[in-house]
Every structure is written in C-alpha cells, then in structure tokens.
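K.L.:
The whole structure should be built from the sequences, with the hints applied where relevant.
In the order they appear, the protein sequences are chains R and V.
Take the first sequence: its position 91, counted from the start at 1, is 90 in numbering that gives the first Met the number 0, and no numbers get skipped.
Take the second sequence: its position 349, counted from the start at 1, is 348 in numbering that gives the first Met the number 0, and no numbers get skipped.
Restricting the straight-line Cα-Cα distance to at most 20 Å, the calculated cross-link-like pairs of lysine to any residue (SDA-like) are:
#1 V:Lys109 <-> V:Ala132
#2 R:Lys109 <-> V:Ala7
#3 R:Lys109 <-> V:Tyr1
#4 V:Lys358 <-> V:Gln13
#5 R:Lys358 <-> R:Arg33
#6 R:Lys109 <-> V:Asp4
Rather than coming from a laboratory, the hints here were simulated on the basis of the structure.
There are 2 protein chains.
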Amino acid sequence: MYVEDLHAHLIGRQGSRAALNTPALVVDVDALERNIAAMTAFARRTGLALRPHAKTHKSAEIARRQIAAGAVGVCCAKLGEAEALTDAGIEGILITSPIAGASAVERLAKLATRAPTLRAAVDHPDVVEALAAAAVPLTFLVDVDPGLHRTGVADAAAAVDLARRIAAAPSLTYGGVQFYCGSQQHIETYADRRTAIAERTAYLSDVLTRLDEAGLNPPVVTGGGTGSHRIDAELGVLTELQVGSYIFMDRQYADCDLSGEERAPFETALFVDSRVISANHPMLVTVDAGLKCFATEAGVPPVVSGAPEGSTYRFMGDEQGAVIPPKGVAPPRLGEVVTFAAPHCDPTVNLYDAYHAVKDGTLVGIWPIEARGRSA
Amino acid sequence: MYVEDLHAHLIGRQGSRAALNTPALVVDVDALERNIAAMTAFARRTGLALRPHAKTHKSAEIARRQIAAGAVGVCCAKLGEAEALTDAGIEGILITSPIAGASAVERLAKLATRAPTLRAAVDHPDVVEALAAAAVPLTFLVDVDPGLHRTGVADAAAAVDLARRIAAAPSLTYGGVQFYCGSQQHIETYADRRTAIAERTAYLSDVLTRLDEAGLNPPVVTGGGTGSHRIDAELGVLTELQVGSYIFMDRQYADCDLSGEERAPFETALFVDSRVISANHPMLVTVDAGLKCFATEAGVPPVVSGAPEGSTYRFMGDEQGAVIPPKGVAPPRLGEVVTFAAPHCDPTVNLYDAYHAVKDGTLVGIWPIEARGRSA
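P.N.:
Structure, rendered in structure tokens:
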C-alpha cells in the first residue's frame with residue numbers, strides 16, 4: 000500500500016512525525032488506548048456489552064484493540080465495511096444499516112456463510128424472506144425507528160411482525176432489537192440530551208413490552224452512542240452499546256458535555272498534520288489541507304498546534320486552507336507543520352488510506368484503513 | 000482492486016448499471032466524450048493549449064482520453080497525484096500547487112528524474128534554491144497570486160525575482176507563469192464573471208510586462224477554469240487552459256452561465272447511483288448514500304432519476320440520505336435505484352475507488368481512480 004511504502008522508513012525514528020508527508024492522518028496511540036480503556040471500564044461497571052461502531056475508524060487494528068480490551072465485537076455501517084473487516088479477521092460484526100436489492104441480499108448471504116458470528120439489522124419483511132429463502136444461518140435484529148425516519152420499523156406492531164418472521168425462518172435467529180437515537184447524540188447540554196433520550200427510551204420500552212407479550216423477548220437491545228452512553232446506562236433499557244466516536248473525539252463531541260460532570264471522559268486522539276506550502280502574505284499562510292482532507296459538514300477544523308494560540312483555519316478550495324493568526328501575530332513559516340483536530344471524525348477518516356500511529360512525536364506504526372470508502 | 004473484482008462480471012451485460020452495488024460512482028462515457036470533444040474544439044479554435052486539471056477526475060483513463068483528443072498533458076494539484084498518474088503512464092504533468100518541506104523537495108526531485116516532461120508551479124525562492132541544489136532537470140513556472148492570497152508571489156517584483164532565480168539555475172528551466180483566478184470561477188452571471196476576470200487579467204498583463212522588460216518573457220501563461228475559459232480566450236493573455244470540471248459538470252457549474260449564450264456547452268457526465276434501503280414511511284424513503292458519498296460543502300446532490308419529478312434529497316448522517324417526493328406523490332420503493340448528480344465533482348470523486356463507466360445503462364468498464372486520496 001502506497002502510504003506504508005512511503006513512510007515505513009520513519010517507523011521508530013525519533014521525532015519522525017514531523018517528517019511525514021502532509022496532509023497526514025495521525026492517531027495518538029496513548030490517547031486512543033486511554034479512550035478504549037475508559038469506555039471498556041464504563042461498560043463493565045454498568046453491566047453493558049460493548050460493540051463499538053467501526054464506521055468511525057474503519058480499521059482492523061483499532062477493532063482488534065477494542066475487542067482485546069473487552070468488546071464483544073464491532074458494528075459496521077455497511078455490508079462492504081463488514082466484508083473488509085471480516086477479510087481482516089474481525090469477528091462479532093453487527094451490520095447496523097438495513098440492506099436491500101438482490102445483489103446485496105446475495106452478498107449478505109455469502110458473508111454470513113464465512114462469518115458465523117455475523118449479525119445484521121433489518122427493518123423490512125422482504126429482506127427477511129429473501130434471506131430465509133437463501134437458507135443461510137444468520138442472526139437478525141429488528142431495527143426500530145426512534146422517530147428519525149431514517150431506518151427501522153415504524154411501530155411496535157411492525158416490530159412484532161418482523162421478529163416473528165425471523166423467529167419462524169429455520170435458518171435465521173432472532174437476535175433482538177436495535178434502537179439508535181442518532182439525532183439526539185449531539186444535543187449540547189447533558190440535561191437536554193437526557194430529557195430527549197429518556198423520552199425516546201420510554202417509547203422503546205413500550206415496543207419491548209409488546210415483543211415480550213408476543214413471546215419475543217429480545218435477547219439483546221443494542222444502540223446508544225458516545226453522546227448518550229451514560230444516559231443509556233442509567234436508563235437501563237439497552238443491553239449493548241454501539242459507541243463510536245469516543246475513541247477519537249472530534250470538535251462536534253468536544254462541544255458536547257458527555258458526562259454531566261466537569262472532566263470530559265475522553266480526549267482527542269485523531270489529528271490531521273498539514274504543512275505551510277505558501278507564505279507570501281503577512282496576515283495568513285496556506286497549508287496543504289483543504290476540502291479533500293477534512294469532513295466539511297461540521298464546521299472548520301480546530302488548530303491544535305504549530306500555529307500561534309488563537310489561530311483559525313479557513314477552507315481555501317479543494318486542496319488548501321488558510322491559517323490565520325490573531326491580529327499582529329506572525330503566522331507559521333514556510334514548511335512548518337500545523338496540526339488540526341477533526342471537525343467530525345467519521346467522514347474525515349474516510350478520506351485517508353492509513354493512520355499514522357504516533358507516540359510522543361515518533362511514528363510507531365502505519366495502520367491501514369481497510370474499510371475506507373466501503374459505503375456499498 | 001475491490002470494485003473491479005466485484006463488478007467485472009457485469010461488464011457488457013445489458014442493463015447492468017441497475018445491478019451495481021450501491022452507492023456507485025457512475026460516468027456516462029458518451030457525455031464525457033462529448034465534453035472532451037467540445038473543450039478540445041474550443042481550445043483549437045481559440046489557439047490555446049489545453050492542459051486539463053486532473054484533480055477533478057484523478058484517473059489515468061480519463062487523462063489518456065483528454066490527451067488523445069489533443070491536450071498537451073494534464074495538471075495535478077499535488078505531488079502525490081502526479082506520482083500516481085506518472086506511475087500510470089501519463090506524461091506532460093504540471094503540478095499546480097507549490098510544495099514545501101524537505102521530504103516534498105526530495106520527492107519532487109525524484110519524480111522529475113523519472114518524468115522528464117514534468118513541470119511544477121513555485122512561489123518561493125527557498126523551493127527554487129532547494130531544487131537547484133538537487134541539480135535535477137525540472138521546468139518551473141512562477142505562480143502569481145491573483146489576489147486570493149492562496150498561493151503565488153505577491154507582486155510583479157517577486158515574480159521577476161523568482162523567474163530570474165529559476166533561469167539562473169543550471170538544472171532548472173523557466174517555463175513561464177501560472178495565474179489561476181479560483182474565486183472568480185463560480186460567479187453566477189457571465190457578465191459579472193467577465194468583469195472580475197478582466198480586472199484580474201489586467202493585473203496579470205502588468206506582471207507579464209515587467210517580466211518582459213526583465214528579459215523573462217514567459218513561454219507559457221497557464222491558468223483559467225471551466226467558469227472562465229471563454230473569457231480567458233477572449234482576453235487573449237493566457238496561452239494554456241487548466242480547465243477541470245467541464246468533463247463532468249456538477250451542480251455548482253450547472254448553476255453558472257458558462258458561455259453567455261443560451262445553450263450550455265457541457266453536460267452532466269458524473270452520477271452517484273444509490274438504492275432505497277428503508278421504506279417504512281409514506282413521506283420519504285432512505286437511500287444508502289450519505290455524507291461519505293458526496294461532497295458536502297456545496298449543497299445537496301440534485302436527484303436526476305429514479306424518483307418522482309420534483310423529489311429532493313436531504314443528508315441523514317454519514318451513511319444515508321432521505322429522498323422526499325413532492326407532497327401527495329408516492330416515493331420510490333424498497334430496492335429501487337435513485338440517481339444523483341454531484342454537488343461539487345472534485346471532492347465527490349475523491350471518495351470513490353473507481354468509476355463505473357456506462358453507456359445506455361450498460362457497464363462498459365471500471366476505471367480505477369488512481370490518485371484518489373493522494374492529497375499529500
């Protein structure tokens with residue numbers, strides 16, 4: 000792989016982070032490990048299973064570290080992501096998005112054959128019938144719409160119907176329920192987020208009661224995110240957490256109070272290192288990271304280091320950005336490295352082929368992002 | 000490569016576009032060829048050299064088609080893009096962004112050694128001196144800032160100084176001037192755009208006069224974009240066009256009047272095919288293309304086909320989007336394909352590993368995007 004070839008000679012060389020070709024996606028291994036340990040301890044303490052979402056990192060190396068620490072497996076957003084991580088030896092995968100169409104049904108059946116621990120969310124009888132017809136062993140979880148109308152069955156009656164169809168199919172296993180409150184994760188204050196999640200969880204409880212009454216008590220109730228994990232644990236309805244962003248954090252989540260307490264439970268572990276490639280103006284310099292190097296739907300990337308305190312970033316097209324120091328302060332010089340945090344981690348990671356794993360400024364590894372671009 | 004393996008069996012099968020795994024990046028080969036022919040004819044008619052920008056497509060197959068039609072080579076935005084297209088056999092590459100830093104200097108020297116037709120833009124004496132010290136033959140063009148302060152020397156005096164240094168270095172060749180009016184390309188009306196470009200071109204003419212007076216008359220004056228190509232030709236100062244987006248068009252350029260005439264000179268050739276993966280609500284359906292499948296800084300992707308006239312798209316997170324039909328009209332059904340145009344082509348292409356080349360609904364080829372992600 001291109002990135003590995005290019006940077007392999009820097010591995011273990013002191014201070015080698017500064018010598019990386021830029022823009023470079025960088026993961027601080029110590030911070031990542033502390034985030035993994037903190038969430039694992041939290042899940043253990045609260046009695047929840049942990050199945051972190053791999054859509055955030057798309058990397059077998061990070062999935063292995065999460066599982067080694069105690070996760071029961073990982074979630075994948077797409078079939079292609081699950082194929083890539085299965086190829087890389089990851090087990091215990093839950094595909095969280097429903098699939099549809101003949102070719103996807105065929106691929107899911109094929110993947111289930113070689114990945115006996117695979118499970119998948121489903122929200123429509125047609126897909127259950129198609130997989131039942133394929134006669135491949137697979138565990139299906141009923142995806143319940145939390146009101147966002149993105150995916151999931153629309154009500155308790157539809158959940159009962161779908162669970163019944165799964166349970167009735169000889170090759171299929173009814174694995175439980177998925178309930179992911181996506182739009183609530185980034186509500187800024189803990190109190191407002193708690194109110195919103197509690198209201199949605201009351202609805203989920205009603206659905207679970209209906210399933211129970213139908214003799215379809217779900218063995219697993221999976222959902223939750225980094226923004227809601229403490230609330231989900233406290234409410235006690237979910238049995239499994241699908242948290243993703245906690246491993247990296249990003250500006251979106253850094254702006255949220257995740258704990259209702261003063262100290263944030265996770266720290267920034269994901270960075271983009273850029274370099275000043277044009278410096279002909281006193282008020283700004285141009286770095287080599289633009290629209291193709293950051294998620295762009297969540298604001299600008301925060302400047303972390305390499306530029307004077309208070310410097311800001313502005314997108315300057317596809318390939319570059321401006322770093323603007325506070326008035327009267329000199330900008331960084333030509334060739335200097337400026338480091339950013341990600342505005343939103345998932346779509347930022349999806350732009351790169353590999354992580355540069357660093358400890359104290361030294362490159363310690365290059366981790367391929369096996370599922371990058373695997374949206375199909 | 001993954002995408003090729005997956006879809007190779009569909010090549011040449013009638014109607015096979017509908018069987019692609021989604022989301023899929025699709026190029027309409029006939030429309031692409033018409034766009035290439037139209038721009039080549041325009042350049043020939045106006046006596047301009049054509050060096051289309053490969054940052055738009057990042058593909059050797061498309062670069063080859065542009066060169067076969069008459070282009071003198073292609074532009075690359077980054078060193079990594081130029082390395083990837085050189086590896087794929089493309090010649091006549093101009094790297095349009097300045098580079099900086101020891102490792103980039105080393106890579107540029109190495110690339111110049113194996114690509115004798117390589118040329119690069121430069122805007123700082125340090126980089127000229129570093130390449131001069133490497134004693135590798137390379138043609139440098141002086142990048143002149145059109146006022147955006149993104150890249151380029153700040154004034155005529157700096158242009159003269161830099162050109163003189165290039166001309167004085169034994170291994171280097173002074174190749175001329177680059178002047179790219181990035182911020183003017185998307186001004187909506189032709190008249191306003193013309194006024195802005197004419198004003199900037201008057202400044203460029205002053206710089207060229209100063210170079211001429213210093214005995215540094217530039218052999219090439221390269222610049223221009225899809226938005227300004229007719230204006231640039233009319234003003235007659237540029238000798239070479241760097242147009243990129245004309246091959247695909249996108250919503251951004253579809254909203255611009257490119258010709259001052261009624262008929263748009265180029266047509267949409269780039270699409271994203273998605274599939275309905277959840278359909279449990281009467282008012283909207285969910286397709287499998289979200290933030291990871293489209294550029295997100297240029298608005299929402301327009302619905303092209305597969306949904307009722309007047310349907311709109313809304314992003315629903317990283318992995319999905321909503322397709323919303325007009326009030327009272329039924330949305331597409333589960334498993335159906337919905338096709339979108341790109342909001343902005345360059346960063347959309349940068350998310351995919353390959354193009355699915357189609358003619359009349361039949362897959363005729365899979366074209367790898369060799370320079371995808373090569374921002375470093």
